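**Q** Since the structure of chain L is already known, use the hints to place chain P on it.
Number of protein chains: 2
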Amino acid sequence: MEVGPRWNKVAPGIWSRVFGAPETFTARSALKAAPRWEALGEIPDAPFPFDPAAASGEVRGGRTVLRFPLRPNTPVFGLGLQFLRLDQRGRTRYLRVNSDPVQDTGETHAPVPFYVGGDGHAVLIDTARIVTIHVASVVRRKEAVPTPDRTTDPAWQETPPGSWVEAVLAAPGAEVFVFGGPTVRDAVRRYNLFSGGGFLPPRWSLGFWHRTPTRYSAAEVEAEAAEYRRRGFPCDVIGLEPGWHTAAYPCSYEWSRERFPDPAGFVHRLAEAGFTVNLWEHAWVSPKAEVHGPLAPLSGSHTVWGGLAPDYTLPEARKILENQHERAHLAAGVAGYKLDECDGSELTSGSWMFPAHATFPSGLDGEQMRQVYGLILQQLTAGLFRRRDRRTFGLVRASGAGAAPLPYALYTDLYDHRQYVRALCNAGFAGLLFAAEVRGASSPEEWVRRVQVASLSPLAQLDAWSSGTKPWTFPEVETAVRRALELRVRLVPYLYTAFARYQRDGTPPVRPMALEEDPGEARLADDQYMLGQDLLVAPLFAGQTERKVLLPPGNWYDFETGELLEGGGAAVLARPLESIPLLVREGAIVPLMPPLPHTPRAGETVALEVRHYGPRPGRYRLYDDDGETLAFEHGAFRWIDLAVDISQDGVRRGRVEMGPDVGGLVYDPVQWVFLG
Amino acid sequence: MEVGPRWNKVAPGIWSRVFGAPETFTARSALKAAPRWEALGEIPDAPFPFDPAAASGEVRGGRTVLRFPLRPNTPVFGLGLQFLRLDQRGRTRYLRVNSDPVQDTGETHAPVPFYVGGDGHAVLIDTARIVTIHVASVVRRKEAVPTPDRTTDPAWQETPPGSWVEAVLAAPGAEVFVFGGPTVRDAVRRYNLFSGGGFLPPRWSLGFWHRTPTRYSAAEVEAEAAEYRRRGFPCDVIGLEPGWHTAAYPCSYEWSRERFPDPAGFVHRLAEAGFTVNLWEHAWVSPKAEVHGPLAPLSGSHTVWGGLAPDYTLPEARKILENQHERAHLAAGVAGYKLDECDGSELTSGSWMFPAHATFPSGLDGEQMRQVYGLILQQLTAGLFRRRDRRTFGLVRASGAGAAPLPYALYTDLYDHRQYVRALCNAGFAGLLFAAEVRGASSPEEWVRRVQVASLSPLAQLDAWSSGTKPWTFPEVETAVRRALELRVRLVPYLYTAFARYQRDGTPPVRPMALEEDPGEARLADDQYMLGQDLLVAPLFAGQTERKVLLPPGNWYDFETGELLEGGGAAVLARPLESIPLLVREGAIVPLMPPLPHTPRAGETVALEVRHYGPRPGRYRLYDDDGETLAFEHGAFRWIDLAVDISQDGVRRGRVEMGPDVGGLVYDPVQWVFLG
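Order-wise, the sequence lines are chains L and P.
The first sequence begins at 1 in the numbering used here and counts up by one.
The second sequence begins at 1 in the numbering used here and counts up by one.
If you are wondering where the hints come from, they were derived from the structure by calculation, not from laboratory data.
Everything hinted at is true.
As a list, the in silico BS3-like pairs of lysine-lysine whose alpha-carbon atoms are at most 30 Å apart:
hint: 1; chain 1: P; residue 1: 32; chain 2: P; residue 2: 9
hint: 2; chain 1: L; residue 1: 288; chain 2: P; residue 2: 142
hint: 3; chain 1: L; residue 1: 319; chain 2: L; residue 2: 288
hint: 4; chain 1: P; residue 1: 32; chain 2: P; residue 2: 319
hint: 5; chain 1: L; residue 1: 9; chain 2: L; residue 2: 32
hint: 6; chain 1: P; residue 1: 319; chain 2: P; residue 2: 288
hint: 7; chain 1: L; residue 1: 319; chain 2: L; residue 2: 32
hint: 8; chain 1: L; residue 1: 142; chain 2: P; residue 2: 288
hint: 9; chain 1: P; residue 1: 142; chain 2: L; residue 2: 319
hint: 10; chain 1: P; residue 1: 319; chain 2: L; residue 2: 142
Just a few of them, taken from the derived set where beta-carbon distance is under 7 Å, the chain P residues facing chain L:
hint: 11; residue: 140
hint: 12; residue: 150
hint: 13; residue: 247
hint: 14; residue: 249
hint: 15; residue: 355
Some but not every residue of chain L turned toward chain P, in silico, with C-beta under 10 Å:
hint: 16; residue: 91
hint: 17; residue: 100
hint: 18; residue: 103
hint: 19; residue: 139
hint: 20; residue: 147
hint: 21; residue: 157
hint: 22; residue: 168
hint: 23; residue: 256
hint: 24; residue: 296
hint: 25; residue: 302
hint: 26; residue: 345
hint: 27; residue: 354
hint: 28; residue: 355
hint: 29; residue: 358
hint: 30; residue: 359
Quantities reported herein were computed from a predicted structural model and do not represent experimental measurements.
Backbone N, C-alpha and C define an ideal beta-carbon position, used for all residues, glycine too.
So that you can see chain L by itself, here it is in the shape it has in the complex (with noise of 0.2 Å):
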């Protein structure tokens, strides 16, 4: 079919089509959105994916009604970190950034205008309003819906089928962004790309994570870091709570003298250590702050927790922060943050954040900057970093769309297990990333099942800055901790490769199987998920030995035994505590590296176990580069070429092509092991 005159051709497989007249400021304007065309254009092109005449737009009493058409019978992903469902169809969401998604509204940390059919397409939305998206959830009379007698037929539905998408924003209009397929996968990349594509973390920051307890001192930290290396448990980021600063909530940004007298002291003890350090800061401004001066006119209407609530759209009052914070903590060689509170809450948390209607100096009100003050903020942090020439990974409690290129992965404080694992997997399908971070558990079992899935996560992390726990807490299981761990180190090159392709070609590493070219049966379990290029995940969750797995066609290996599982349906996994369910897809080669105390720093010499599953030959490009450093932009990394080929008699041997030295790591000695 014809794509009508109204939608323009952006690159191949993506269209854009304003109705009405958008606002200026919308998401993609405020991360100024970059799309990296060239690799765009390796994707091949693919047909508009429906009716572009049946796509409508409406603007009335300042509103924009959008309206595009969904295929019958096909689920309808995304819309951002939802924790309560994977499959969106039939629901009314209600897109705004609040830290209570408890009830299944469509609120949460990183709602998205932005959803995917099932048919391998995908809708954005451009705004910097709140959305609210009726999923197939509305029936308009001209659309014949049947009516069984609710008393007498059992096929009577509480919400009626509907085969629309009806989007409403408080705006006189919008920009709407369509990619094409033809697959799940395909128009994901698409809008990733299309985004700036993902980013590229330090190596450092795929290693383990600790959180301390907020009121520590300099020395009680140090102490705990040093109880990691001398228990032998592996850990690469201390993260700092509220109580580093002279006042928090709302923040002063300084750092208390009385708790940490010498901060580049402080931090470069832990460097020496193999440790890097991430402040938790929230974005609401103490009166005790030295910014509060400078930024009071350059701040909205309302305060949060008392503080100044800055306009950080403004080039001046960015500025202002980031002078300071070049100050007070890159130049003591903080490697990054953790930016909280900037979702907000009306509810289970109390009543803190600035009303919608709140006004701010560049002229956007309080329903906008709620919207986007998360991805302003990663943005305002990622770039101190990069003016240093080097990279960050952090944790962000408020997301948007496009935000593929920051490098935050976000958290919670709701705790419940299963939604991790749906969060996780919806993240894959918005450009986003979530830390399924561990915090407690009530049990030893539900402790080692939380630590497995935080371990095969974006970020891994332990954050004990209430609870006070250590990856030793429960003695009793402390050998299957230590395991979950380990592998996370082990699996770093992997990981970090997988982030390669994300910055790439717009992959995300972690990913729901609907993301598969062809996840089959599989494409609708919120409970399971695939960890870069060919790790299934199937956690098991406290209180189960075994768990159904939904396998894509093709055989897959156990990660650790290589016990082969037929694809193409149901198996059931059974596993001891201490082993999370990892299966590997057949021809599949996986890279590991030692369980180092700590990831390894540009130019030294690490051990390589390559790993190789099934009676297939196999491909695989393990990626490196300098690991801290913006040079990879500039060509300097490498691909690693991994082949595995069978001789006729079925014998494995592998082969390695280091390709040219970029000062990165040394992979020597390389040692392959053949399971399946």
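**A** Chain P alone, transformed into the frame defined by chain L:
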């Protein structure tokens, strides 16, 4: 202080002010609110309750932002049928009509943009729009609030203490009404009378109600009614559920001749046995309904369960439904309605409501229509009975501002017993009534406790539509249940009088302790409430054998035993399962009738037991009229004066002045019982 020029005094202690350019369609305009000017004139004037110049309104980007001061450290009540808290201070409330009030957002079946300051004033925002109201839950920069350090200072609070109400609605203006005190009760009475005063229900509607299972035929319903008589359980009303329609969800409004071959005969036979018939319906019109064709062009853009959403703000649409209901229901003798599903859902009960962006022929949008649908349906159906010179009392799932004159009680699908009692309290702040109906129970004990509260509610109903329960479902507690139902019937003269006061002076018949003239420490109680003039209900919940009750100053007496309890603080009440703690104010007079199978009709002779409590004289005016028609509006009623004098030696003597006969009941004999 002088009231500023823009606040207009509209009655003693009532002021209005227009901010911006309000929409012409509002909750008050929809109901054509007719203030009870004469009764309003009987409440002493009061000063404007806050600095009138402090109030402000601003219209920006299609939104109106209103701002009113609050006195420090006073609770803020109201905002409609709230289930989850009594004091709304410190919370942001999203006042949308919604059947899913399971999270504490402010959404409920009947949100009302009307709040009551604990210092004795109230504010109504008259709109058909959703109001988001920040009740001291946002803080502007110019307000100084403390900023304790969370790390070290236990004074830190999740919600900083604000001192303003900020309310927002998506309209270019709003009219605001302020109600003066000096007491909370005065402010609420002014509001109710300004809405048109409470309604007077037919006397029979104060008896017990039973709703039969949805698939029951006429014969099965009649058998169930007969079973009440056979077992000697009182019952006045039989309610039919969806199965009486030829098609339901959406509705046809026509009798299923399969299950109800002779509707008029069915209603007539039940009437002969002392029952009236109430019909379940909802507003969404089935394609199988006779009225579907004529209503189609008068309906909204979107369907609900595939049914039309008629625009009943249009007289021609009302006429179509009125004529059909008159012909099919009222002509057959039907006495009232249960108006279901007019609130909408996107969450727990599926997603089935028309969206906020729906359009209607009158020009209203879906936001406005959803907010007022319940109000309009109540008014429409109440009018059917008024035209026949008959009163009605029914049930409704959605309501709003100014609902006091509408003869309906709210109900819900939620079923938390403590929330029910809280809702009974909160309804009294907002011109609403809540039928804390009983449906089922997980234990005989819970069954009794629920029946007790239902029996002391504005409308006492067992809703067995899906549960099939009867009062005798748990045989081991049949006596306790019978006792609660009989108490209900015995209280009818007292309750009827309470409603007459509601109608005449705006005092809610069921109300929170804060509406006492001097509630003392009981002001914030949300698990006890006042019933009629002088009864205090302190329900026990399953698992309790005793409870704390907070008593206003003065002496109180156990309703049955006359045992004295000193007021002005907390008391512990221990009660066996069959006894609901019902306390009586000192000096109170409570008239009771015998526990008849159904309430008496005009002209019948009924014995009266008049109880008096304690050693102080008392006066009580018992209301009487024909119990069914509107003749009382033209003077056909009487007040029966009951008085107790106490001689110098402490002997109590009751006096009765019956007043002229008005075709009501004949109370004879009158027996005095002196307790306490």
